[in-house]
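J.: Using the sequences provided together with the hints, build the complete structure.
In our numbering, the protein residues as written are 1 to 228.
Derived from the structure by calculation, the hints contain no laboratory data. Every residue gets a Cβ at the ideal spot worked out from N, C-alpha and C, and that includes glycine. Keep in mind that a hint or two might mislead.
[Stated by the list, open to error] Listed next, the in silico DMTMM-like pairs over lysine to aspartate or glutamate satisfying Cα-Cα at most 25 Å (straight line): (1) 225 / 46; (2) 23 / 48; (3) 18 / 113; (4) 223 / 207; (5) 225 / 160; (6) 18 / 189; (7) 18 / 160; (8) 223 / 6; (9) 23 / 46; (10) 18 / 131; (11) 223 / 172; (12) 225 / 173; (13) 23 / 88; (14) 23 / 207; (15) 23 / 160; (16) 23 / 189; (17) 23 / 113; (18) 18 / 6.
[Stated by the list, open to error] Quick list of simulated restraints, FRET-style, between CB atoms: (19) 31 / 52: 15 to 23 Å; (20) 121 / 226: 32 to 40 Å; (21) 48 / 203: 33 to 41 Å.
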Amino acid sequence: MLIMTEATIANRGILQTKSLPRKFLGRVQIIPRGAGLRLWLRLLLEMEFLRFIVPLLPFALVPLFSRDWAMPVMQAPLVMVIVVAWVELRVMRPTRAARANGVSADEAARRLDTLAFRARAILRALAARHDLTEGQLQLVIEQSDLGRVPPLTLVSVQTDVPQPHLLVLDADDRAALAALFDADLTERDLLAVNHRENLYLRSITQEARAVSAHARLAALLDKRKAAS
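T.: Laid out in C-alpha cells, this is it:
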C-alpha cells in the first residue's frame, strides 16, 4: 500500500486536484519517496510501454538470428497486436469467469462492509486530529486492475474544504491508515472484490461535523501527550 501524501511522493505536483475523488493510475507517473525495490518494480509494471516490450521482444530478436524470417516478421503488425492484446487481457488480467468466481457475492459484501467500517473510523480520527469541522472527508482507495502480480493499492485522504485537495498526512496519520488492511482483510482480498465488480476506485466518506466531541477531546489529549 502506498499512501499518497507529500511525505511519500517525490513529484508532489501530481497530488493537486480540481475535483474529487482524485485518480492516479493511468493518468500520472508516480515517483515515490524512499520506496524499496519491490515497490519500484511494481510501479514499473503499471507502465504500458514497458509491458508491451516483453511480448514484442521476440519480434525484434528473430531478424537478428534469421534473415529469412526478417521480412515476414516485420510485416506482421496484426500478429504483434494480437500477441500484445493476449498478454494484456489474458495473462496480466483475469478473465471474466475468473473475476466472477474469485469471491462470492456474500463474501464481497462482507469485505466491503469491513473496509467501510475501518475507513470511517480512520476518517473520524483524522478529522479530530486535524481539527476539521466542515466539509467532507473521503478515504480514496485505488487499485491496479492487473491480477497476476502483487496488488498495487494507493490510499489517500481527500477533502473539499476550502477547495478540493489531498490532506497532508504526518507519520501518525499514515500509521492510522496502515490499519486499513490486515490478515483479516488484505489488499488482495479487496482486489478480488474489485475484479468481481470491475471497479477499482472506491471512495468512503465522512462528514467532518459528525465527528463526536469525545473523539476530538481524545485527539487533543493525544497531541498534548505527544508534545510533552
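J.: Against each hint, give a clear statement of whether it holds in the structure.
T.: Checked hints:
1. 225 / 46: violated, 42 Å
2. 23 / 48: The hint holds at about 17 Å.
3. 18 / 113: violated, 29 Å
4. 223 / 207: Distance ~22 Å between residue 223 and residue 207 Cα, so the pair holds.
5. 225 / 160: Violated, at about 30 Å.
6. 18 / 189: Roughly 31 Å between the alpha carbons, so the hint for residue 18 and residue 189 is violated.
7. 18 / 160: holds, 9 Å
8. 223 / 6: Judged against 25 Å, a Cα distance of about 21 Å means the pair holds.
9. 23 / 46: holds, 14 Å
10. 18 / 131: holds, 23 Å
11. 223 / 172: Holds, at roughly 11 Å.
12. 225 / 173: holds, 16 Å
13. 23 / 88: Answer holds: residue 23 to residue 88 is near 21 Å, not above 25 Å.
14. 23 / 207: Since the Cα atoms of residue 23 and residue 207 sit roughly 21 Å apart, the hinted pair holds (cutoff 25 Å).
15. 23 / 160: holds, 15 Å
16. 23 / 189: holds, 21 Å
17. 23 / 113: holds, 22 Å
18. 18 / 6: holds, 17 Å
19. 31 / 52: 15 to 23 Å: holds, 21 Å
20. 121 / 226: 32 to 40 Å: violated, 20 Å
21. 48 / 203: 33 to 41 Å: Once the Cβ atoms are compared, 25 Å apart, the range 33 to 41 Å for residue 203 and residue 48 is violated.
Consistency note: the structure conflicts with the earlier hints numbered 1, 3, 5, 6, 20 and 21.
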